[in-house]
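Participant: Each residue of the sequence shown is one higher than the one before, starting from 1 at the first, in this note's numbering.
The list that follows gives simulated cross-link-like pairs (lysine to aspartate or glutamate, DMTMM-like), each with its CA atoms no further than 20 Å apart:
hint, residue 1, residue 2
1, K308, E448
2, K308, E5
3, K10, E87
4, K165, E92
5, K10, D89
Okay, the calculated beta carbon distance ranges per label pair:
hint, residue 1, residue 2, range
6, V318, D447, 19 to 25 Å
7, R18, V190, 41 to 47 Å
8, L234, V190, 48 to 54 Å
By construction, these hints were calculated from the structure, which means they are not laboratory data. Glycine included, C-beta positions come from ideal geometry on N, C-alpha and C.
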Amino acid sequence: MKDTEAYYKKMTETPVSRLIITLGIPTTISMLITNIYNMADTYFVGELGESPQAATGILFTLQAIIQAVAFMLGQGSGTLVSKSLAEKDTDEASSFVSTAFFLGGFLGLLLMIFGLIFIEPFMYLLGSSDTILPYAKDYGMWVLLAAPFMICSLILNNNLRYEGKAFYSMIGLVTGGLLNIFGDYMLIKVYGMGVYGAGLSTAVSQFVSFSILLYFHSKMALGKIRPRFISAKLMHYTSMLKIGFPAFVRQGLSSISNGLLNNLTRPFGDAAIAAMSVVNRYSALIMCVGLGIGQGFQPVASYNYSAKKYSRVKKGLVVTMGIGALIITLISIPGFIFAENIAYIFQKNDEVIRIAAVALRWASIGTLFMPLSVPVNMLYQSIRKPALSTLLSLMRSGLAMIPTLLITHYFFGLYGIQISQPIADIITGLFCIPFILSFLRKKLVDDEPV
Numbered sequence: 001m002k003d004t005e006a007y008y009k010k011m012t013e014t015p016v017s018r019l020i021i022t023l024g025i026p027t028t029i030s031m032l033i034t035n036i037y038n039m040a041d042t043y044f045v046g047e048l049g050e051s052p053q054a055a056t057g058i059l060f061t062l063q064a065i066i067q068a069v070a071f072m073l074g075q076g077s078g079t080l081v082s083k084s085l086a087e088k089d090t091d092e093a094s095s096f097v098s099t100a101f102f103l104g105g106f107l108g109l110l111l112m113i114f115g116l117i118f119i120e121p122f123m124y125l126l127g128s129s130d131t132i133l134p135y136a137k138d139y140g141m142w143v144l145l146a147a148p149f150m151i152c153s154l155i156l157n158n159n160l161r162y163e164g165k166a167f168y169s170m171i172g173l174v175t176g177g178l179l180n181i182f183g184d185y186m187l188i189k190v191y192g193m194g195v196y197g198a199g200l201s202t203a204v205s206q207f208v209s210f211s212i213l214l215y216f217h218s219k220m221a222l223g224k225i226r227p228r229f230i231s232a233k234l235m236h237y238t239s240m241l242k243i244g245f246p247a248f249v250r251q252g253l254s255s256i257s258n259g260l261l262n263n264l265t266r267p268f269g270d271a272a273i274a275a276m277s278v279v280n281r282y283s284a285l286i287m288c289v290g291l292g293i294g295q296g297f298q299p300v301a302s303y304n305y306s307a308k309k310y311s312r313v314k315k316g317l318v319v320t321m322g323i324g325a326l327i328i329t330l331i332s333i334p335g336f337i338f339a340e341n342i343a344y345i346f347q348k349n350d351e352v353i354r355i356a357a358v359a360l361r362w363a364s365i366g367t368l369f370m371p372l373s374v375p376v377n378m379l380y381q382s383i384r385k386p387a388l389s390t391l392l393s394l395m396r397s398g399l400a401m402i403p404t405l406l407i408t409h410y411f412f413g414l415y416g417i418q419i420s421q422p423i424a425d426i427i428t429g430l431f432c433i434p435f436i437l438s439f440l441r442k443k444l445v446d447d448e449p450v
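Take these sequences, add in the hints, and give me the full structure.
Facilitator: Laid out in structure tokens, this is it:
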């Protein structure tokens, strides 16, 4: 009870801007390291040629599918854990996190089994060509073997964040990320294991991250993971999945969009797929800053909304958008100015550099609109408004991205593919403005039920 009271005081009395930064910085660092090790895969594999590098783009889509499941369960359970702790019910918190953890492991096991059985048609479905397929299978086998650990790691990570312990989740993810970079160097450069080595390095690093996060959760979290806490109540599952569904939509549609992009790019050759792989990795690196700050805001919004401290939620939304806009603007500028240089780091082929540079410049413009879309999406998810959050999640990767990609590809070919995601980002950002203003103008009185 003492720990619960201390946590309540921390979440409801610490200045909002300081609390968001405190929780957001470890999350942002974690996501940066995660994306840096994804880029390390792209860099080291890129030295092997266009087709191996294109395979990393194919597997980027598979990882998005894994993340879709993990974020749905992790953010769904995390929101409800935060609510339970605000109500000082640690048994209920333990039930939600335990249910999510074991369900995630089971779903990861199913994905691993069926993915390995049907790995060849699966890689084609994700956009692989005949020349890319051998490399995609080598890498994909290890990603599929690691799927249960990847899902459970992200569930642990999200629940540590929602309990205000983002620093410990950062240690687990950063350790795995640094290990993967070192593994890439050793297995690809030193031992010459190629794409197979990159996949093996990813699998090992994911297992290490999982082990560290499980240890920290067992020692630090108020909600405990035990088989006896697995819920038998259908309402627990439906509540968790309903709240987490926007995250599933966001990541799931991202995998569909990436798969569609790969398939539409395939006729333009492996160089085009490799170029868009570089751009997607770089865009994800920028986006993770917005997501990191937004995920620092999520536990603040969820806890304070449950505690009826609505003014803190409103202030948190404004602070999150401001910090995100400042940081993303600063890191987008180099992507616009030095597009060719960035592409050259990952692939020395002139055609890959030419295609990637155009897309990178457009991507740098599109990311400027993320501070409008990401925080408000996470806000509505955290305050348990799944319908609105799902609608906002549908925009970037679905309602905006897929039609934009199909239309621009039809009229402009490869150039249409290069500009499709930035246009979708701009549309999504503008679409979110009314939802931001609606929440900020809504009359919510602290300590009174909504």
